[in-house]
Structures are given as structure tokens and as C-alpha cells.
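Working from the sequences, and respecting the hints, build out all of it.
Residue numbers (the working numbering): 0 to 98.
Read the hints as simulated data drawn from the structure, not as lab findings. For clarity, every value in this text was computed on a predicted model and none was experimentally measured. Built from N, CA and C at the ideal position, the CB exists for glycine as well. Watch out, some of these pointers could steer you wrong.
Said to hold, decoys possible - Derived DSS-like pairs: lysine-lysine, alpha-carbon spacing no greater than 30 Å straight-line: (1) Lys48 to Lys30; (2) Lys38 to Lys48; (3) Lys10 to Lys30.
Unchecked claim - Cβ-Cβ distance ranges computed for the label pairs, FRET-style: (4) Asp40 to Thr13: 28 to 38 Å; (5) Lys30 to Glu6: 11 to 21 Å; (6) Gln3 to Asp37: 18 to 28 Å; (7) Ala67 to Glu6: 46 to 56 Å.
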Amino acid sequence: WGMQRYEAWVKTCTTCHSETFARAYLEFIDKGTSHGLDKYDEAHNVVHKQFEARLLTGQRTNRPAPPAPAKALFDQFWQIYWSKNNSPPAIELRLFEMA
Numbered sequence: 000w001g002m003q004r005y006e007a008w009v010k011t012c013t014t015c016h017s018e019t020f021a022r023a024y025l026e027f028i029d030k031g032t033s034h035g036l037d038k039y040d041e042a043h044n045v046v047h048k049q050f051e052a053r054l055l056t057g058q059r060t061n062r063p064a065p066p067a068p069a070k071a072l073f074d075q076f077w078q079i080y081w082s083k084n085n086s087p088p089a090i091e092l093r094l095f096e097m098a
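Listed below in C-alpha cells is the structure:
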């Protein structure tokens with residue numbers, strides 16, 4: 000499946016670019032993604048070791064109050080990042096509390 004999708008992207012890219020360029024750029028993207036994931040894993044391991052050593056205090060009781068609800072406007076999308084009762088989203092809990 001992966002190679003079929005890759006070839007479909009090559010076909011799409013070659014409508015404007017050379018096949019050599021398309022394949023090189025897709026390889027560049029793949030390597031960038033891999034390097035980014037490696038860097039994330041490296042950082043995650045550092046944070047996990049600090050958590051296990053109880054060096055991270057967390058914010059279970061001393062969290063700041065969330066901002067007051069804003070009037071519904073097109074530029075107020077940031078409100079979606081504040082969860083109920085100022086609790087962090089599930090992904091933050093999984094990452095930072097290592098639950």
C-alpha cells in the first residue's frame with residue numbers, strides 16, 4: 000500500500016516537476032519526518048527520566064485560571080485549546096504525566 004501511494008505522489012508531482020526532483024523531494028520529506036520523530040523520542044526519553052526521578056513538579060493544584068470566555072468571533076479559535084476546568088487535554092496528560 001505504501002509504495003502504491005508513493006508512486007501516486009510521484010505521478011502527481013511529475014505533472015509539474017521532473018521525476019528525479021519529485022522522488023528526491025519525497026525522500027527529503029520522509030527523512031525529515033523520521034528525523035523529527037527521532038528528536039521527539041529523544042526529548043520524550045529525557046522528560047520521562049526526569050519524571051521518574053520526580054524532578055518534574057507538575058501543576059495538579061496550582062494551575063492558573065483559564066481566560067474568560069471570549070465573544071464568538073472568527074479569530075477566537077484559540078479557545079478550543081482550553082479544556083473543561085482548565086484541565087490539560089488527554090494528549091498532554093499522556094505525555095507529561097506518563098500515565
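Cβ separation of alanine 67 and glutamate 6, checked against the hinted range 46 to 56 Å:
52 Å, holds
Can you let me know if the beta-carbon spacing of lysine 30 and glutamate 6 is within 11 to 21 Å?
18 Å, holds
Holds or violated: lysine 38 with lysine 48, Cα cutoff 30 Å?
Cα-Cα ~16 Å, so holds.
Given the hinted pair lysine 10 and lysine 30, is their Cα-Cα distance within 30 Å?
20 Å, holds
If you draw a straight line from the CA of lysine 48 to the CA of lysine 30, is it 30 Å or shorter?
27 Å, holds
Between glutamine 3 and aspartate 37, is the Cβ distance one that fits in 18 to 28 Å?
26 Å, holds
Is 28 to 38 Å respected by the C-beta to C-beta distance linking aspartate 40 and threonine 13?
34 Å, holds
In terms of the numbered hints stated before, the structure departs from none.
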